[in-house]
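**Q** Using the sequences plus the hints, can you model the full thing?
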Amino acid sequence: MKLEIENLRKEFGDLVAVDDVSMTIEDGEFVTFVGPSGCGKTTTLRCVAGLETPTSGTIQIGGEEMTYASPEERGTAFVFQDYALYPHMTARKNMSFALESTDMTSDDITQRVDETAEMLGIYQHLDQTPGELSGGQQQRVALGRSIVRDPKIFLLDEPLSNLDAKLRVQMRAELQQLHQEIKSTTIYVTHDQEEAMTMSDRIAILNDGRLQQIAPPEVAYSQPANKFVAGFIGSPSMNFLDCTVSGGRVETGGFSFEAPAGAESATTVGIRPENITLGRPNTDGHAEATVSVFEQVGSFNIVYIDVDGVDEVVAQVPGEKQFEPGAEVSVTIDMDRIHLFAEDGETVHNPPVFTKQPAAAE
Amino acid sequence: MSVVTRIRDVISGDSDVRTVTRVGTLATLTVATILVAIPLYWMVATSLKTSVQIGVFPPYLVPPTPTIDPFINALQTGPWVQWFLNTVVISGGSTILVLALATPAAYVLGRREFPARKPLYVLFIGILMIPAQILLIPMYTLFSRIGLINTRIGLIVAYSAFFLGFVVFLLHSFFTNLPDNVEDAAHIGGVPEWRTFLRVILPMAKPGIATAAIFVFVFTWNEFLFALTFLQTQELYTISVGLQQFQGLRGTVVYNQLFAMSTLATLPLLIGFALFSEQFIKGMAGLNLK
Chain W
280 MKLEIENLRK EFGDLVAVDD VSMTIEDGEF VTFVGPSGCG KTTTLRCVAG LETPTSGTIQ
340 IGGEEMTYAS PEERGTAFVF QDYALYPHMT ARKNMSFALE STDMTSDDIT QRVDETAEML
400 GIYQHLDQTP GELSGGQQQR VALGRSIVRD PKIFLLDEPL SNLDAKLRVQ MRAELQQLHQ
460 EIKSTTIYVT HDQEEAMTMS DRIAILNDGR LQQIAPPEVA YSQPANKFVA GFIGSPSMNF
520 LDCTVSGGRV ETGGFSFEAP AGAESATTVG IRPENITLGR PNTDGHAEAT VSVFEQVGSF
580 NIVYIDVDGV DEVVAQVPGE KQFEPGAEVS VTIDMDRIHL FAEDGETVHN PPVFTKQPAA
640 AE
Chain P
1485 MSVVTRIRDV ISGDSDVRTV TRVGTLATLT VATILVAIPL YWMVATSLKT SVQIGVFPPY
1545 LVPPTPTIDP FINALQTGPW VQWFLNTVVI SGGSTILVLA LATPAAYVLG RREFPARKPL
1605 YVLFIGILMI PAQILLIPMY TLFSRIGLIN TRIGLIVAYS AFFLGFVVFL LHSFFTNLPD
1665 NVEDAAHIGG VPEWRTFLRV ILPMAKPGIA TAAIFVFVFT WNEFLFALTF LQTQELYTIS
1725 VGLQQFQGLR GTVVYNQLFA MSTLATLPLL IGFALFSEQF IKGMAGLNLK
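If you're matching them up, the sequences are chains W and P in order.
So the first sequence is numbered by my numbering: it starts at 280 and just counts up by one.
So the second sequence is numbered by my numbering: it starts at 1485 and just counts up by one.
Honestly, I wouldn't trust all of these hints.
[Claimed, not checked] Far from chain W, by Cβ distances over 12 Å, these chain P residues were calculated:
#, residue
1, Trp1526
2, Thr1549
3, Gly1594
4, Leu1751
[What the hints assert, rightly or not] Label-pair restraints from in silico Cβ distances:
#, chain 1, residue 1, chain 2, residue 2, range
5, W, Thr634, P, Leu1686, 45 to 51 Å
6, P, Thr1517, W, Ser514, 57 to 63 Å
7, P, Leu1686, W, Glu397, 36 to 42 Å
8, P, Thr1505, W, Ser316, 47 to 53 Å
9, P, Ser1761, W, Gly292, 40 to 46 Å
10, W, Thr546, P, Ala1769, 53 to 59 Å
11, P, Met1613, W, Asp393, 52 to 58 Å
12, W, Gly598, P, Thr1503, 50 to 56 Å
Note that these hints are calculated values from the structure, not bench results.
Glycine included, each C-beta is placed from N, C-alpha and C at the ideal position.
**A** If you want it as C-alpha cells, here you go:
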C-alpha cells in the first residue's frame, strides 16, 4: 500500500521532533529511516502508526486520508525495539491475540499462526512464553505477530538493536528475504547506517527532525545531498578537509586539484576513505603523510594518517597493505570521487553513481 | 535459600566489610523476626495450655501437656462459625468491590490522557488524608437513613469507601510503570480497549493487584471500630467483634479460650500470606510509590 507523508510536523512542548517531513513510499517498497538518536525517525514512524498525533501535516495510506485515524483503522503493523510481547501469553497466544478480535474462525487463526511460525522457524516454540525464549526467538515472535495480521504497511522500530552482532546480520538477511516473500510496504527505523544500506530500496536520512535526503542506498552514498548525509552514510566516515577555490583550482593544505564545474562556492572537500591510496613515499605521491594509527580489520584495514598541512585523514586500504604506526607514506586521492560542499553544508559537486550490471536476460 | 546456605554465604563473604554488613543485616532481621514472632507464638502456646497452666509463674514457654480443649470449649460459647463466615463475606466482599472500582480508575488515571486527570488523582490522594474515625458518626447517620446499618453490605460499602483512595494510589503507580509498548502493540493490532485491559493490562498488573487485595483483606479482617458500631445483632458480628464480646460474655476473661479463638482468627491470614507471599513481595518491589 502506498504511503504519502506531507509536511509532517510533530512538537512535544517546545521540542520539534519532526519538522516538515514529506515523502512518498510506493507500494511494496522497503524504506529505511536512518539518523542519529533524537533525529525524529521513531516519532515519524509512530505518527504513521497512529501512536502519535501530528501537530500538522497529513498522512495518506493507499490514497486514504489517515492523519487522525486510530491505529487499528490504518492497517499497519508495528514491531517494537523491545518486542513488546505480552509477557504472560505463549508465543502462539501472542500471535493470535489480535486475530481473535476479528471475525476469523479459530481454525483459520490456528492455521495462519502455524504457517507464519513455520515460515519464521519458531513453530517448536509456540507453547513457550517470551521469558523462556531467546532474544532472537522473541524477535521472530514479534515479527510473526505482525505478519499474521497481513498488514498494509510494516513498521519496524529498530527491531534488531537488542540482538548480538552475529544474530543481527543473520536476521537482517532473513528480514530481506521475508520482505521479498510478502512484498508489503515496509518502513524500517535504525540508527545503524550499515543496516540501512544493506536492506533498503531507499533510505531516508533524518537529522534534527528534518529529512535530509531520500534516495536509493547507492545514490545516498555516491551523491549525498549535503555534508550531514555524506558524513553519516559510510563507515569509516568521509574525510572533510577545509578548502579554498581560486584560479580554477581547489586548494587544501595538502592537495590541490582542478575545480569541477560549479565548485566556486565550495569550502569543504569530502573524500571517502576508500578513495585514498597509500604508497611508498616519493614515488607517485601527491602528498607526504605519517601513519598515526593502524587498525587491522581483516579484509581491509583502516589507517589514520597525518598529512602535511591537513588534519588527520582516514584511509581504507586492502587487507594486504600493512603499516606500522610512524611509517611514512605517499597519499594518492582518486580525484574522480571527490565531493565538494558549500559553507551551508549543501553539496556543490558529487561524483557519478556507480552503474549496476543489469540482470541477465532470461 | 535455606538458612544454612545463607549463613554459609555470610561466612564466606569475600571481604570483611561485606561480611560485617551481612551479619549486621542478618542480626537486625533476626531480631525483628523474633519480635514479631513472639506474640504470635505466645498466642498459639497459650491456646494449647490448660487454665491452670496459664496461671503458673514463671510461665511455661512450651505447653507441658498440649490440649485442644480451649478451642472446643470456646467454640461452644457463641456462634463462632457464623462470625467467621460473616468476616469472610465482609472482607472478601470489600476486597472484590474495592478492586472492581479502583482497578479501572487507577488504570485510567495512570495511563490515559484526559482533562482534569491530575486534579482527579489528587482528589483520590486527598481522601487518604481523612482519618476514618472522623467519618464514623456522619457515616452512621447516613447509613441508618438508607437502611445500611446492621447489614453486611453496609459494612462492605463503608470499607470500600475507605480503601478506594488507597488502592487507587497503590495501583496507579503500578499501572504508570507498565511499559507503553505492550499496550500500543494491542492497540495497533485492533484489539478493543476493554479486551486489552482485561487480557493484557490486568495480568501484567497481577502482583500489584494481589498486593492491594492482601492489604484490603487483612485490614478489613482485623477492623474493629466500624464493625462494632455498624453491626448490632450478634448473628452479624465479625470475628474481631466476636472476640471482644467473648471477653465480656464470661465476666472473667478465659485467656486460653480467648487465645484459641484469636489463633483461629489469625490462621486464615497467615495461611493466605504464606500462599501469596511471593506475589506480595513482587508487588511491593514493583511499586514505585512517589
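**Q** Taking the hints in turn, state whether each one holds.
**A** Here is how each hint holds up against the structure:
1. Trp1526: holds, 42 Å
2. Thr1549: Holds: least Cβ distance 52 Å, greater than 12 Å.
3. Gly1594: holds, 18 Å
4. Leu1751: Given that every Cβ of chain W is farther than 12 Å from that of Leu1751 (chain P), nearest at about 32 Å, it holds.
5. W:Thr634 x P:Leu1686: 45 to 51 Å: At 59 Å between Cβs, range violated.
6. P:Thr1517 x W:Ser514: 57 to 63 Å: holds, 59 Å
7. P:Leu1686 x W:Glu397: 36 to 42 Å: Check failed, 32 Å falls outside 36 to 42 Å.
8. P:Thr1505 x W:Ser316: 47 to 53 Å: Between Thr1505 (chain P) and Ser316 (chain W), where Cβ atoms are some 39 Å apart, the hint is violated.
9. P:Ser1761 x W:Gly292: 40 to 46 Å: holds, 44 Å
10. W:Thr546 x P:Ala1769: 53 to 59 Å: holds, 58 Å
11. P:Met1613 x W:Asp393: 52 to 58 Å: holds, 56 Å
12. W:Gly598 x P:Thr1503: 50 to 56 Å: Once the Cβ atoms are compared, 54 Å apart, the range 50 to 56 Å for Thr1503 (chain P) and Gly598 (chain W) holds.
In summary, the structure is inconsistent with hints 5, 7 and 8 from the numbered list given earlier, while agreeing with the others.
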